[in-house]
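J.: Sequence:
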Amino acid sequence: WEDGVNTIDQMTNIMTVRRKVLDNFSEKAIREGEPMATIEEVLVPIYLLHRYQIEAVAKSVGGLYFTHAVKNDGQIPTKMVAPAEQWRAFESLMSTITPDALALPENLIQKIAPRPSGYQSTVENFSGHTGPTFDPIAAAESAASTTLSYLLDSERAARLIEFSGRDAAQPGFMPVVDKLIDRTWKAPLAAGYKGQLQTMVNNQVLKYLLQLAANTRASEIVRGQALLKIEDLKSWMTTSQASAVPAQRASMLFALTQIEAFKLDPNKFQPPAALDMPPGAPIGMPGMDFLNDAPAY
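If you use my numbering, the sequence shown corresponds to residues 679 to 975, in order.
Bear in mind the hints are in silico, worked out from the structure with no lab data behind them. Note that the Cβ used here is the ideal one computed from N, Cα and C, for glycine as well. Misleading hints may appear alongside valid ones.
Mimicking SDA-like on lysine to any residue, the simulated pairs with C-alpha atoms at most 20 angstroms apart in a straight line are [as the list claims (entries may be wrong)]:
| no. | residue 1 | residue 2 |
| --- | --- | --- |
| 1 | LYS789 | GLU802 |
| 2 | LYS872 | ILE787 |
| 3 | LYS789 | LEU726 |
| 4 | LYS864 | LYS885 |
| 5 | LYS872 | PRO783 |
| 6 | LYS789 | ALA816 |
| 7 | LYS885 | GLY806 |
| 8 | LYS698 | ILE787 |
| 9 | LYS885 | PRO949 |
| 10 | LYS857 | ILE839 |
| 11 | LYS872 | LEU700 |
Per label pair, the in silico range of CB-to-CB distance [what the hints assert, rightly or not]:
| no. | residue 1 | residue 2 | range |
| --- | --- | --- | --- |
| 12 | ARG927 | TYR743 | 42 to 52 angstroms |
| 13 | ALA847 | THR811 | 45 to 55 angstroms |
| 14 | LEU906 | GLU833 | 15 to 25 angstroms |
| 15 | HIS746 | THR690 | 30 to 40 angstroms |
| 16 | THR690 | PRO755 | 24 to 34 angstroms |
Start from the sequences and build out the full structure, keeping to the hints where you can.
T.: Written out as structure tokens, the structure reads:
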């Protein structure tokens, strides 16, 4: 599932194609006579077009080239990914969680009606928080949480820490988290729908940091550094609340409540689970038949 000679460059290509298709997406993607609600089934694989490339790009952050070398065969057993390439990978991952990347066109959202009788939602549909109506924020949550789950993986964090200890030019875990928070929580809040997407991403960032700090299987160094970044974020929120707009202040209040709940009992704290992506059938497998007769778009 890793496309392109360079996975980072290919992510740029995939996101460009994905955006063009999303901006032109319509009921032309479903068969004549099908309920408008079924647009969602065809939308899922397009909206999540980059799902496998996320994992491919994330491998470069805290990444290691290696070969199964044997004695005297001339191969280099291991080599850390160059720092510049790791930061390029980081930027590529950030490009997948911006409001612009996650937003759906308003005219498309309006066309996805609640599902009629006989067309029940399945695991191949997006989950949501809005009852029978299509939830574009929840769809974005499933995509953004995938990026963050790879970026804030405990083993990746441990490698970032280890590699930076051996080579000061390597990114390190805390600088990666600092940049992540600068690009999410500390970025100016957009208005309207895109601001709601941004708030959702901010919440997911804190959620994965809390999970990392609470993860008893993670190294204590990783947990300690995650906890420090959480404390730094808490301090920033505490001083920034007064000047924040109401929507951002509400988000900060909830975040501070989550942090306090974590600190009361870190080993038992469980933040709300993020919404998962629809699993998606592998190409050529059952479950993708709705694409067979769909017109080109």
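J.: All hints, please: hold or fail.
T.: Structure-based check of all given hints:
With a C-alpha separation of about 19 angstroms, the suggested pairing of LYS789 with GLU802 holds against the 20 angstroms cut-off. With a C-alpha separation of about 14 angstroms, the suggested pair LYS872 and ILE787 falls inside the 20 angstroms cut-off, and the hint holds. About 19 angstroms separates the Cα atoms of LYS789 and LEU726, which keeps this hinted pair within 20 angstroms; it holds. The suggested pairing of LYS864 with LYS885 holds, with an alpha-carbon distance near 16 angstroms, which does not exceed 20 angstroms.
Between LYS872 and PRO783, the direct Cα distance comes to roughly 11 angstroms. Compliance with the 20 angstroms bound is thereby established for this hinted pair. Distance check on the hinted pair: LYS789 and ALA816 sit about 17 angstroms apart at the alpha-carbon level, within 20 angstroms; holds. At most 20 angstroms may separate the alpha-carbon atoms for a hinted pair to count; LYS885 and GLY806 meet this at roughly 18 angstroms. Among the hinted pairs, LYS698 with ILE787 is consistent with the structure: their alpha-carbon atoms are about 16 angstroms apart, no more than 20 angstroms.
With a C-alpha separation of about 6 angstroms, the suggested pairing of LYS885 with PRO949 holds against the 20 angstroms cut-off. Under the criterion of a C-alpha separation no larger than 20 angstroms, the hint pairing LYS857 with ILE839 is consistent with the structure, at around 15 angstroms. Taking the CA atoms of LYS872 and LEU700, the gap is near 16 angstroms; set against the 20 angstroms cutoff, the hint holds. ARG927 and TYR743 have their C-beta atoms about 46 angstroms apart, which keeps the hinted 42 to 52 angstroms range intact.
Hint check: ALA847 to THR811, Cβ distance near 50 angstroms, so the stated range 45 to 55 angstroms holds. Distance hint check: the CB atoms of LEU906 and GLU833 are about 19 angstroms apart, consistent with the given range 15 to 25 angstroms. Look at HIS746 against THR690: about 31 angstroms separates their beta carbons, and that is inside 30 to 40 angstroms. Distance hint check for THR690 and PRO755: the Cβ-Cβ separation is about 31 angstroms, which falls inside the suggested range of 24 to 34 angstroms.
When the structure is compared with the earlier hints, no violation turns up for any of them.
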